[in-house]
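Undergrad: So the sequence lines, in the order shown, correspond to chains A and B. Numbering of the first sequence is given in my numbering, commencing with residue 1 and proceeding in unit increments. Numbering of the second sequence is given in my numbering, commencing with residue 1 and proceeding in unit increments.
Wrong hints could be hidden among the right ones.
[As the list claims (entries may be wrong)] Cut-off 27 Å, straight-line C-alpha distance, at most; resulting in silico cross-link-like pairs (DSS-like, lysine-lysine):
(1) A:570 x A:453
(2) A:583 x B:78
(3) A:544 x A:449
(4) A:497 x B:21
(5) A:294 x A:24
(6) A:228 x A:573
(7) A:582 x A:544
(8) A:350 x A:565
(9) B:21 x A:583
(10) B:142 x B:9
(11) A:449 x A:565
(12) B:15 x A:583
(13) A:453 x A:531
(14) A:300 x A:497
(15) B:78 x B:153
(16) A:583 x B:157
(17) B:17 x A:582
(18) A:15 x A:3
(19) B:9 x A:582
(20) A:108 x A:218
(21) A:570 x A:379
(22) B:17 x A:583
(23) B:9 x B:105
(24) A:228 x A:218
(25) A:15 x A:526
(26) B:119 x B:142
(27) A:526 x A:21
(28) A:582 x B:153
(29) B:153 x A:497
Because the hints were derived from the structure by calculation, they are not lab data.
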Amino acid sequence: MIKLTIDNKIVEVEKGTTIYKAAKKVGIDIPVLCYMDLADLGIEHKPGGCRICVVEVEGRRNLAPSCSTEVTEGMVVNTHSIRVLNARRIVMELILSDHPKECLVCPKSGNCELQSIAIKLGIRDIPYQEISEMSTYRVDFSPSIIRNMDKCIMCRRCETMCNEFQTVGALSAVNRGFMSVVAPAFEMDLEDSVCTYCGQCVAVCPTAALTEVDHTNKLIRDLANPNKTVIVQTAPAVRAALGEEFGLEPGTLVTGKMVSALRQLGFKYVFDTDFAADLTIMEEGTELLERLSKHLKGDKNVKLPILTSCCPGWVNFFESQFTDMLDIPSTARSPQQMFGAIAKTYFAQKINVKREDLIVVSIMPCLAKKYECQRDEFKVNGNPDVDYSISTRELASLIKRANISFNSLQDDDFDAPLGESSGAGVIFGATGGVIEAAVRTAYELFTGKSLEKVDFKELRGMEGIRQATIDFGGTPINIGIAHGLGKARQLLESIRKGESNFHAIEIMACPGGCIGGGGQPLHHGKTEILKKRMEAIYREDEGKTIRKSHENPYIIKLYEEFLGKPMSDKAHKLLHTHYVDKKKRIIYI
Amino acid sequence: MSNIKVELKKNQVDKIKEICKSFNNNPGELINALHKVQSTFGYLPAEVQEVVSQEMDVPLSKVYGVVTFYSFFSMIPKGKYPISICTGTACYVRGAETVLQEFKKELGIEVGETTADGKFSIGCLRCVGACGLAPVVMVGEKTYGRVSPEMVKDIIKEYNE
Numbered sequence: 001m002i003k004l005t006i007d008n009k010i011v012e013v014e015k016g017t018t019i020y021k022a023a024k025k026v027g028i029d030i031p032v033l034c035y036m037d038l039a040d041l042g043i044e045h046k047p048g049g050c051r052i053c054v055v056e057v058e059g060r061r062n063l064a065p066s067c068s069t070e071v072t073e074g075m076v077v078n079t080h081s082i083r084v085l086n087a088r089r090i091v092m093e094l095i096l097s098d099h100p101k102e103c104l105v106c107p108k109s110g111n112c113e114l115q116s117i118a119i120k121l122g123i124r125d126i127p128y129q130e131i132s133e134m135s136t137y138r139v140d141f142s143p144s145i146i147r148n149m150d151k152c153i154m155c156r157r158c159e160t161m162c163n164e165f166q167t168v169g170a171l172s173a174v175n176r177g178f179m180s181v182v183a184p185a186f187e188m189d190l191e192d193s194v195c196t197y198c199g200q201c202v203a204v205c206p207t208a209a210l211t212e213v214d215h216t217n218k219l220i221r222d223l224a225n226p227n228k229t230v231i232v233q234t235a236p237a238v239r240a241a242l243g244e245e246f247g248l249e250p251g252t253l254v255t256g257k258m259v260s261a262l263r264q265l266g267f268k269y270v271f272d273t274d275f276a277a278d279l280t281i282m283e284e285g286t287e288l289l290e291r292l293s294k295h296l297k298g299d300k301n302v303k304l305p306i307l308t309s310c311c312p313g314w315v316n317f318f319e320s321q322f323t324d325m326l327d328i329p330s331t332a333r334s335p336q337q338m339f340g341a342i343a344k345t346y347f348a349q350k351i352n353v354k355r356e357d358l359i360v361v362s363i364m365p366c367l368a369k370k371y372e373c374q375r376d377e378f379k380v381n382g383n384p385d386v387d388y389s390i391s392t393r394e395l396a397s398l399i400k401r402a403n404i405s406f407n408s409l410q411d412d413d414f415d416a417p418l419g420e421s422s423g424a425g426v427i428f429g430a431t432g433g434v435i436e437a438a439v440r441t442a443y444e445l446f447t448g449k450s451l452e453k454v455d456f457k458e459l460r461g462m463e464g465i466r467q468a469t470i471d472f473g474g475t476p477i478n479i480g481i482a483h484g485l486g487k488a489r490q491l492l493e494s495i496r497k498g499e500s501n502f503h504a505i506e507i508m509a510c511p512g513g514c515i516g517g518g519g520q521p522l523h524h525g526k527t528e529i530l531k532k533r534m535e536a537i538y539r540e541d542e543g544k545t546i547r548k549s550h551e552n553p554y555i556i557k558l559y560e561e562f563l564g565k566p567m568s569d570k571a572h573k574l575l576h577t578h579y580v581d582k583k584k585r586i587i588y589i
Numbered sequence: 001m002s003n004i005k006v007e008l009k010k011n012q013v014d015k016i017k018e019i020c021k022s023f024n025n026n027p028g029e030l031i032n033a034l035h036k037v038q039s040t041f042g043y044l045p046a047e048v049q050e051v052v053s054q055e056m057d058v059p060l061s062k063v064y065g066v067v068t069f070y071s072f073f074s075m076i077p078k079g080k081y082p083i084s085i086c087t088g089t090a091c092y093v094r095g096a097e098t099v100l101q102e103f104k105k106e107l108g109i110e111v112g113e114t115t116a117d118g119k120f121s122i123g124c125l126r127c128v129g130a131c132g133l134a135p136v137v138m139v140g141e142k143t144y145g146r147v148s149p150e151m152v153k154d155i156i157k158e159y160n161e
């Protein structure tokens with residue numbers, strides 16, 4: 001143990017601890033900007049670049065960056081001497097001198113870490129402006145993410161998420177000096193790069209350098225159009241996080257309030273993506289059983305393990321980086337797209353509205369969903385099954401704009417028929433949930449027996465890679481789970497080498513699954529929030545009377561009235577897809 | 001960055017692969033590998049970086065990041081007659097900057113660029129060890145001493161004939 005003094009307080013910490021963490025232990029909160037500790041994800045980003053966190057160490061010539069300086073025995077640290085306060089102020093003034101001054105209309109205003117620190121440091125003036133140039137860059141628009149690098153402060157958190165955590169490798173610091181910026185290779189558009197739109201860069205960006213494409217104004221216009229019927233679907237993870245935007249404790253379930261708010265906003269029908277999640281289980285589960293029974297009969301050509309295909313970030317990842325394995329994932333569309341396909345056929349017929357007059361909006365914890373719904377495969381004569389997707393954050397902004405007092409709303413219920421769901425549909429929002437939902441259904445279909453215990457706790461948790469063997473009435477089924485694309489890569493590489501003995505694998509691009517998606521309320525490094533959201537998801541599942549997808553009465557009815565049976569021709573046409581080799585699309589200039 | 005489209009021939013790709021292999025395809029040797037590749041090809045166009053990225057198992061964005069960080073690396077091929085102007089201390093104080101401006105004006109290109117006909121490129125270097133001749137300009141292997149802005153036209157003319 002190492003003993004030191006910080007601001008006259010004696011601290012004892014383990015060897016290797018940084019000054020920043022030691023100070024935190026005794027309640028001293030040194031401001032940090034580029035630094036980010038995502039302890040639950042095994043990521044500690046400490047480039048020591050911004051120098052906001054400098055402190056004075058007795059006997060040391062220069063100020064020390066506390067985020068990356070380790071403590072030593074007998075060290076005497078002052079975190080707020082005049083020298084420190086002056087240095088911190090000047091550092092901040094210099095950063096701000098090359099930052100646009102448009103806080104009033106900035107999408108990050110009120111939720112910006114640069115702004116918070118400027119407030120904390122009491123900055124009242126930005127000198128150097130007349131003598132300094134601004135480094136300006138072209139704004140890069142993609143279907144999901146906007147890069148406005150004028151607002152980049154080179155903290156390089158996005159780079160760490162993109163390269164170390166996700167192993168996507170789309171972003172890197174390029175050029176040098178004043179012109180240095182984080183960009184894709186050759187400064188090409190994000191859209192032409194290997195970016196998966198997972199949005200984890202947006203989730204950690206302290207400023208508005210990386211933001212989502214905002215569809216709220218478009219939605220307001222559509223809701224006001226009397227010729228359109230606007231309906232909405234909400235993803236499972238949204239209800240477990242939306243409350244945070246209204247000051248509620250992380251992990252508060254706001255399903256009923258969310259439905260009320262959506263109705264007040266003017267949606268004609270409020271539906272649930274969970275319904276489509278149940279539908280996904282019917283299709284994906286059937287596909288799993290089909291491949292499994294062929295495999296058990298000794299068919300050597302059958303592709304196993306089957307990989308889930310609900311997560312669009314993950315789909316983009318294997319389409320650009322594992323192009324030799326495009327035939328392994330399930331062909332089932334994601335719940336968002338299944339919902340859209342059913343809404344614009346089955347439901348449109350039911351309410352007698354033309355496809356073009358029905359607008360399907362999705363509320364998603366995800367930014368890749370914005371891209372997914374624009375894919376050509378999910379359009380009929382140019383009309384998309386899902387017109388556009390808005391994030392949890394965008395929904396919160398709309399609710400505030402409409403003067404809806406969210407916390408005092410009464411609970412309301414989803415509409416029928418696309419609003420009814422089982423607990424299995426709900427748990428899609430957390431890592432391991434899709435495969436648990438699939439097991440609940442596949443077990444019963446495979447064994448013909450009823451499942452006594454529907455909770456498969458062995459499939460739950462926050463570990464990056466998990467595995468479990470489930471006994472399907474004497475047949476052991478090996479299940480793998482990964483969340484985070486870096487972990488997915490590890491599993492995929494073992495499959496490629498032929499070392500994997502899994503029958504089915506669930507993969508989610510974001511930490512914790514959709515609850516940690518790029519469109520969720522910002523966690524600002526507090527990853528314990530993800531665990532709270534996860535608990536909320538499982539609570540919602542437990543509270544449901546129906547816990548298995550194939551027992552959802554509206555799903556049964558949908559097959560009876562419309563689809564026939566899972567994997568039927570009609571189901572194939574509406575609910576399945578194919579994958580594209582995107583490597584070919586990425587042309588370097 | 002360059003907008004010249006390069007199509008690599010199979011033997012060129014093999015050469016890059018061979019260089020990467022000589023560094024055991026170790027990502028930590030990226031800079032050394034790029035150095036060697038540039039000395040073989042003269043410059044590092046996007047297509048070459050792509051092969052290096054695959055072979056060294058480093059994301060393309062990182063390779064590009066390294067290439068744009070170090071001024072030694074170039075994505076533009078040098079001209080047939082590469083002009084290097086010394087901007088080291090001695091040459092600088094004796095007017096290298098005005099000489100450089102004159103070359104830029106005459107050729108209509110910036111430092112690090114190549115003329116459209118591929119004939120000339122301008123680069124800066126720091127001290128060639130001939131400070132007595134400052135300011136010094138090199139065209140290819142040939143050295144010119146005590147260069148004044150007035151001499152620039154004639155120097156270029158030598159190579160335009």
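Undergrad: It remains to establish, for every hint, whether it holds in the given structure.
TA: Outcome of the hint check:
1. Proposed proximity of residue 570 (chain A) and residue 453 (chain A) is contradicted: the alpha carbons are some 33 Å apart, above 27 Å.
2. Using a Cα cut-off of 27 Å, the hinted pair residue 583 (chain A) and residue 78 (chain B) is violated, with the two alpha carbons roughly 31 Å apart.
3. Of the pairs offered as hints, the one joining residue 544 (chain A) and residue 449 (chain A) holds, with about 21 Å between alpha carbons and a cut-off of 27 Å not exceeded.
4. Of the supplied pair hints, the one linking residue 497 (chain A) and residue 21 (chain B) holds, its CA atoms being roughly 22 Å apart against a limit of 27 Å.
5. Between the alpha carbons of residue 294 (chain A) and residue 24 (chain A) the distance comes to roughly 57 Å, so the proposed pair goes past 27 Å and is violated.
6. Simply put, residue 228 (chain A) and residue 573 (chain A) have alpha-carbon atoms about 26 Å apart, close enough for the 27 Å limit, and the pair holds.
7. Restraint check: the Cα-Cα separation between residue 582 (chain A) and residue 544 (chain A) comes to about 40 Å, which exceeds 27 Å; the hinted pair is violated.
8. A distance of roughly 20 Å separates the Cα atoms of residue 350 (chain A) and residue 565 (chain A); the hinted pair therefore holds under the 27 Å criterion.
9. Restraint check for residue 21 (chain B) and residue 583 (chain A): the C-alpha separation of about 24 Å stays at or below 27 Å, so the hint holds.
10. Note on residue 142 (chain B) and residue 9 (chain B): the hinted pairing is violated, with a Cα-Cα distance of about 33 Å set against a maximum of 27 Å.
11. For the hint linking residue 449 (chain A) to residue 565 (chain A), the alpha-carbon distance of about 20 Å falls within 27 Å, and the restraint holds.
12. With a C-alpha separation of about 23 Å, the suggested pairing of residue 15 (chain B) with residue 583 (chain A) holds against the 27 Å cut-off.
13. Distance check on the hinted pair: residue 453 (chain A) and residue 531 (chain A) sit about 23 Å apart at the alpha-carbon level, within 27 Å; holds.
14. Annotation: proposed proximity of residue 300 (chain A) to residue 497 (chain A) holds, straight-line Cα distance about 17 Å (limit 27 Å).
15. Between residue 78 (chain B) and residue 153 (chain B) the alpha-carbon distance is near 20 Å, which keeps this suggested pair within the 27 Å criterion.
16. Pair hint residue 583 (chain A) plus residue 157 (chain B) does not hold up; C-alpha atoms about 48 Å apart against a cutoff of 27 Å.
17. The straight-line distance between the Cα atoms of residue 17 (chain B) and residue 582 (chain A) is roughly 24 Å, inside the 27 Å bound, and the hint therefore holds.
18. Between residue 15 (chain A) and residue 3 (chain A) the CA atoms are separated by roughly 9 Å; this keeps the pair inside 27 Å, and the hint holds.
19. For the suggested pair residue 9 (chain B) and residue 582 (chain A), the alpha carbons sit about 23 Å apart, so the restraint of at most 27 Å is met.
20. Taken as a hint, the residue 108 (chain A) and residue 218 (chain A) pair is honoured in the structure, with Cα atoms around 19 Å apart against an allowance of 27 Å.
21. Restraint check for residue 570 (chain A) and residue 379 (chain A): satisfied, since their Cα atoms lie roughly 16 Å apart, inside the 27 Å limit.
22. Restraint check for residue 17 (chain B) and residue 583 (chain A): the C-alpha separation of about 20 Å stays at or below 27 Å, so the hint holds.
23. Taking the CA atoms of residue 9 (chain B) and residue 105 (chain B), the gap is near 36 Å; set against the 27 Å cutoff, the hint is violated.
24. Restraint check: the Cα-Cα separation between residue 228 (chain A) and residue 218 (chain A) comes to about 13 Å, which is no more than 27 Å; the hinted pair holds.
25. A threshold of 27 Å between alpha carbons decides the hint, and for residue 15 (chain A) with residue 526 (chain A) the separation of about 24 Å falls inside it, so the pair holds.
26. Under the criterion of a C-alpha separation no larger than 27 Å, the hint pairing residue 119 (chain B) with residue 142 (chain B) is consistent with the structure, at around 16 Å.
27. As the CA atoms of residue 526 (chain A) and residue 21 (chain A) are separated by approximately 15 Å, the hinted pair is consistent with the 27 Å bound.
28. Note on residue 582 (chain A) and residue 153 (chain B): the hinted pairing is violated, with a Cα-Cα distance of about 51 Å set against a maximum of 27 Å.
29. The suggested pairing of residue 153 (chain B) with residue 497 (chain A) is violated, with an alpha-carbon distance near 63 Å, which exceeds 27 Å.
When each numbered hint is compared with the structure, violations occur for hints 1, 2, 5, 7, 10, 16, 23, 28, 29.
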